[in-house]
Amino acid sequence: ELFSRIDTMETGYIAQEDLDMFAQSLRMPRAFVHDFVDEGETSGDGRMSFEEFAAFVRSKEISLRASFDSLEPDAKGRITGDRLKK
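Going letter by letter, the sequence shown gives residues 356 to 441 in the working numbering.
Don't read these hints as lab results, they were simulated from the structure. The beta carbon of each residue, even a glycine, is placed where N, CA and C say it ideally should be. Don't take every hint at face value.
Stated by the list, open to error - Distance windows between CB atoms, simulated:
{"#": "1", "residue 1": "359", "residue 2": "436", "range": "36 to 46 Å"}
{"#": "2", "residue 1": "412", "residue 2": "433", "range": "19 to 29 Å"}
{"#": "3", "residue 1": "436", "residue 2": "399", "range": "29 to 39 Å"}
{"#": "4", "residue 1": "366", "residue 2": "412", "range": "12 to 22 Å"}
{"#": "5", "residue 1": "382", "residue 2": "439", "range": "25 to 35 Å"}
{"#": "6", "residue 1": "379", "residue 2": "419", "range": "18 to 28 Å"}
{"#": "7", "residue 1": "372", "residue 2": "440", "range": "34 to 44 Å"}
{"#": "8", "residue 1": "364", "residue 2": "412", "range": "36 to 46 Å"}
{"#": "9", "residue 1": "366", "residue 2": "434", "range": "33 to 43 Å"}
{"#": "10", "residue 1": "410", "residue 2": "435", "range": "26 to 36 Å"}
{"#": "11", "residue 1": "420", "residue 2": "356", "range": "18 to 28 Å"}
{"#": "12", "residue 1": "366", "residue 2": "424", "range": "32 to 42 Å"}
Let's have the full structure, built from the sequences with the hints guiding it.
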């Protein structure tokens with residue numbers, strides 16, 4: 356679903372300008388998505404296919420989860436301000 360929201364021209368690929376427009380539509384700074392395609396595309400064509408996008412997003416999800424878990428969330432899966440101060 357997210358891929359389709361970014362690929363508004365329905366080309367089957369996402370280019371950096373697609374992400375820039377998506378960020379703008381959400382009133383996010385372009386810097387937030389800067390170099391997203393360069394980091395995630397693996398074919399060297401300067402755009403991301405759905406498969407490249409899915410793999411890249413999944414890798415970021417795994418990395419974020421590991422970072423979150425390293426902060427030792429409580430039994431309810433939450434991190435308190437006190438926990439962050441440690």
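- [ ] Can you let me know if the beta-carbon spacing of residue 410 and residue 435 is within 26 to 36 Å?
- [x] holds, 33 Å
- [ ] For the range 25 to 35 Å, tell me whether the beta carbons of residue 382 and residue 439 fit it or not.
- [x] holds, 27 Å
Task: Status of the given 36 to 46 Å range, CB of residue 412 versus CB of residue 364 - done: violated, 20 Å
Open item on the list: Given a hint of 33 to 43 Å, does the C-beta separation of residue 366 and residue 434 actually sit inside it?
Closed with: 39 Å Cβ-Cβ, so the 33 to 43 Å window holds.
- [ ] Hint says 29 to 39 Å; check whether the CB-CB distance for residue 436 and residue 399 agrees.
- [x] violated, 44 Å
Open item on the list: Given a hint of 18 to 28 Å, does the C-beta separation of residue 379 and residue 419 actually sit inside it?
Closed with: holds, 24 Å
Task: Cβ separation of residue 366 and residue 424, checked against the hinted range 32 to 42 Å - done: holds, 37 Å
Open item on the list: A range of 34 to 44 Å was offered for this pair. Does it hold for the Cβ distance of residue 372 and residue 440?
Closed with: Distance hint for residue 372, residue 440 holds at roughly 41 Å.
Task: C-beta pair residue 420, residue 356: status relative to the range 18 to 28 Å that was hinted - done: holds, 21 Å
- [ ] Mind checking the hinted window 19 to 29 Å against the Cβ distance between residue 412 and residue 433?
- [x] holds, 24 Å
Task: Range hint compliance [Cβ, residue 359 to residue 436, 36 to 46 Å] - done: Between residue 359 and residue 436, where Cβ atoms are some 37 Å apart, the hint holds.
Open item on the list: Is 12 to 22 Å respected by the C-beta to C-beta distance linking residue 366 and residue 412?
Closed with: Once the Cβ atoms are compared, 18 Å apart, the range 12 to 22 Å for residue 412 and residue 366 holds.
Comparing the model with each earlier hint shows violations of hints 3, 8; every other hint is respected.
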